[in-house]
Amino acid sequence: MIKKKVCMLGAFAVGKTSLVQRFVNSIFSVKYQTTIGVKIDQKMISLGETEVNLLLWDIHGEDDFQKVKATYVMGASGYFIVMDGTRNETYQVGLELEKLARTAAPQAKCVILINKSDLISDWEITPGQIARLMNDGFKVIQTSAKDNLAVETAFTELTRMMIK
Amino acid sequence: MTEKDYKNNLYSSISHGQLTELRKAITGLDSEDLQRLNRLIQDPEHFSVEISQLLPLSIKKMFERGEVDEEHLRKFVEQVLHQSVKSDPGVMATILFPIMMPAIRKAVADDIKRMVESLNTSLEHGFSPKRIGWRMQALFSGRKYAEIVLSNAYVFKVSQVFLIHRTTGLLLNQVQEAEIKDARDADLVSSMLSAIKDFVQDSFRRDSEENLDSIKVGNFNIWIEQGPYAIIAAIVEGNVPGSLRLILKEAIEAIHVNFSYELEHFQGNTEAFVLKDRFLRTCLLNEKKEAKKKKPLIILILAALLLGVLGFWTYMQVEFKLRFNQMLDELEATKGVAVTGTEKENGVYSITGLYDPLVGNLNNVVKQHGFDLHDVKLNLEPMISLDYDLVLLRARRVLMPPETIDLSLKRDTLIAEGAANNEWLERAASLVLHLPGIYFFDITKVNEEKIPQTPARQQVENRILAIENYYFVFKINEVKLDSLQKIDFDILINEAKSVLNFRFDQDSVPVIEVYSHTSRNGQIDANKNAARLRAEKFVDLMLHEGLPIETLVPKVIFVEDEKVPFPVRSVSFKVKYVNPAAL
Chain A
938 MIKKKVCMLG AFAVGKTSLV QRFVNSIFSV KYQTTIGVKI DQKMISLGET
988 EVNLLLWDIH GEDDFQKVKA TYVMGASGYF IVMDGTRNET YQVGLELEKL
1038 ARTAAPQAKC VILINKSDLI SDWEITPGQI ARLMNDGFKV IQTSAKDNLA
1088 VETAFTELTR MMIK
Chain B
166 MTEKDYKNNL YSSISHGQLT ELRKAITGLD SEDLQRLNRL IQDPEHFSVE
216 ISQLLPLSIK KMFERGEVDE EHLRKFVEQV LHQSVKSDPG VMATILFPIM
266 MPAIRKAVAD DIKRMVESLN TSLEHGFSPK RIGWRMQALF SGRKYAEIVL
316 SNAYVFKVSQ VFLIHRTTGL LLNQVQEAEI KDARDADLVS SMLSAIKDFV
366 QDSFRRDSEE NLDSIKVGNF NIWIEQGPYA IIAAIVEGNV PGSLRLILKE
416 AIEAIHVNFS YELEHFQGNT EAFVLKDRFL RTCLLNEKKE AKKKKPLIIL
466 ILAALLLGVL GFWTYMQVEF KLRFNQMLDE LEATKGVAVT GTEKENGVYS
516 ITGLYDPLVG NLNNVVKQHG FDLHDVKLNL EPMISLDYDL VLLRARRVLM
566 PPETIDLSLK RDTLIAEGAA NNEWLERAAS LVLHLPGIYF FDITKVNEEK
616 IPQTPARQQV ENRILAIENY YFVFKINEVK LDSLQKIDFD ILINEAKSVL
666 NFRFDQDSVP VIEVYSHTSR NGQIDANKNA ARLRAEKFVD LMLHEGLPIE
716 TLVPKVIFVE DEKVPFPVRS VSFKVKYVNP AAL
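Those protein sequence lines, which keep their order, are chains A and B. For reference, each letter of the first sequence is one residue, going 938 to 1101 in our numbering. For reference, each letter of the second sequence is one residue, going 166 to 748 in our numbering.
The set of hints was computed from the structure by calculation and includes no laboratory data. Here the structure is a predicted model, which is why all the values come from computation and not from measurement. A portion of the hints provided could be inaccurate.
Said to hold, decoys possible - Calculated cross-link-like contacts (lysine-lysine; reagent style DSS-like; alpha-carbon spacing at most 30 Å):
(1) B:Lys662 to B:Lys645
(2) B:Lys381 to A:Lys1006
(3) A:Lys1004 to B:Lys381
As the list claims (entries may be wrong) - Chain B is faced by these chain A residues, among others (derived, beta-carbon under 10 Å):
(4) Gln979
(5) Leu993
(6) Met1011
(7) Val1077
What the hints assert, rightly or not - Pairwise CB distance ranges, derived in the manner of DEER restraints:
(8) B:Glu235 to A:Glu1026: 26 to 36 Å
(9) A:Ala1007 to B:Tyr426: 25 to 35 Å
(10) B:Tyr426 to A:Thr1040: 21 to 31 Å
(11) A:Thr1063 to B:Ile264: 28 to 38 Å
(12) A:Glu986 to B:Ala274: 49 to 59 Å
(13) A:Gln1029 to B:Ile206: 53 to 63 Å
(14) B:Lys414 to A:Gln1029: 44 to 54 Å
(15) A:Asp1000 to B:Glu402: 51 to 61 Å
(16) B:Gly407 to A:Ala1007: 27 to 37 Å
(17) A:Glu986 to B:Gly407: 22 to 32 Å
(18) A:Thr1063 to B:Ala419: 38 to 48 Å
Glycine included, C-beta positions come from ideal geometry on N, C-alpha and C.
Just need the whole structure built from these sequences, with the hints factored in.
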């Protein structure tokens, strides 16, 4: 069995915890609870003959008061940069966190998640911005933890990239 | 003109519209505004409602401008609270009740828990011999008792050991004691520990060499030992000896030596670490409480008592045997005694054999060695010993030589030397050949003429002494003289007749009391009856020899009442002088 450390990074309230809960426990709560520090979950995922135990480090959202510590990301085999499609400011925060993660864990694989696709009509992040990300070589997936859209796909894709 | 008249004239000269315009021009307010202001002034309740909407904002602004600060408000609130409590404490108590009660309950529960723990600790540490020893050690060494306890009571358990990859925080392997069945969350614990370690190091690091080395969670301690690529975390309960730290260090060093390549190139595959877990298992240590091994005090006391009783019983047995053997040796060494055997029946030792009554009461020998006559019984049959000393003793008793005569024995010849009168010589010559062991009587060395005749009174007194020295021992329920006893009996009768024929004065006559000796051992009445019959039968024997019946008095006496006891089942004699009227 292979174990991999995966970090969830993004601005506050983009839906990192909701994505983990949806993926691990298949639940979603509209009640928002901010994450303090880090919360760790695990989920076994099978890719063909390979079983991978994902240790999901749900790291607190970054804002003006709470900066993500690089030490949390060190040793990660992969990480998600989560953005909130309805809040354009999360785009920039996400890019900054991606830089931090790339420095702390240069070998780690990255997938960018544009979350809250159930509210796509209210999105502030534009298709152009998404296209720029893809042009920069990022794997970008639009997800909705609320409607369980592409959540499983996202985790499976990152796992596939990590064990490749 | 009054003011009212003036106003009426003014209002009538100006139209309503003009007045409104004039009012608006002066105040800037229309009639609705004025009406609202009027209502505010007229209606205090409405005014207070309006003001209340503005007050929070006003206070906020005042705070922002620094016109009011927390210190002003605090004093105000404190005064109000003080006044409220002073006027009616019940109100404040009611307000605080929902907050205070849970807090009080928690505080009390915590205190009780602490007290119980303290009591348990005191009981556990207070009264055992070991703990008392520790207290003495603390007293004399000047160290705190707690230090002594901790240094002596290493009661701890390492329940789980994690090997964690340092960079990724992933669990490489873990071992736990057999009791822990469910260790599914070990991966999470491992990652969380790693996160905590990262957080602490990131937040409080002063020196890159400083690491988090322990975390305390309730009764558990997590001891962490870090290597370049991996970390060992041990979950420990209880008082842990410092030596565990060294064990953890050695384990992490050994792991780095053995898995250096795997650790450096770790990609998430933990198989290599899981297969070889012996390094982690060396860290699963525990030391159980000695108290569990403690034997109940009552068992120790009982065992000690049993041992004591057994030791005492053994000592008594050995000591009894030694004394018994000493007594037997003494009996066997006594001339005139022949021990033929010993046996024990129902806890009573019985010594069988033969003895010459001349040797005296052998029960005294038994008593002198500290034995009770109920425990050691002498079943010795009487005999006449031909031992040199006893033959001579018997001759002296029977012949009763005067002080001027010295008797000696040479083989089977009794030799008399000194001076004696003819009367004694005649009597001696008539008696001596009846004595066993004596076949010749040599009186060639006796000077007859020079000795004055012994007074009659003195002769009688000597005979009385001789009579009182005789005693005859019989078998149970039998008064039959054997051949040897018959010799003594004949001598006794001769002496008795001589004594009974003599009176010292006219007021008294001699009588012979015949004592039959028995014991209170067994059935007293039966013993007494048997003794009485024995005395009467012996009296009959004496009557048969011609002694007058009125001079013989049969009596029973218990050996326990005698100063110098005669043997049980014996008959002895006492000569007394009584008033003739009493006969």
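Evaluation of the provided hints:
no.	hint	result
1	B:Lys662 to B:Lys645	21 Å, holds
2	B:Lys381 to A:Lys1006	24 Å, holds
3	A:Lys1004 to B:Lys381	27 Å, holds
4	Gln979	5 Å, holds
5	Leu993	9 Å, holds
6	Met1011	6 Å, holds
7	Val1077	25 Å, violated
8	B:Glu235 to A:Glu1026: 26 to 36 Å	34 Å, holds
9	A:Ala1007 to B:Tyr426: 25 to 35 Å	27 Å, holds
10	B:Tyr426 to A:Thr1040: 21 to 31 Å	26 Å, holds
11	A:Thr1063 to B:Ile264: 28 to 38 Å	51 Å, violated
12	A:Glu986 to B:Ala274: 49 to 59 Å	55 Å, holds
13	A:Gln1029 to B:Ile206: 53 to 63 Å	56 Å, holds
14	B:Lys414 to A:Gln1029: 44 to 54 Å	47 Å, holds
15	A:Asp1000 to B:Glu402: 51 to 61 Å	40 Å, violated
16	B:Gly407 to A:Ala1007: 27 to 37 Å	35 Å, holds
17	A:Glu986 to B:Gly407: 22 to 32 Å	48 Å, violated
18	A:Thr1063 to B:Ala419: 38 to 48 Å	57 Å, violated
Hints 7, 11, 15, 17 and 18 from the earlier list are contradicted by this structure; the remaining hints agree with it.
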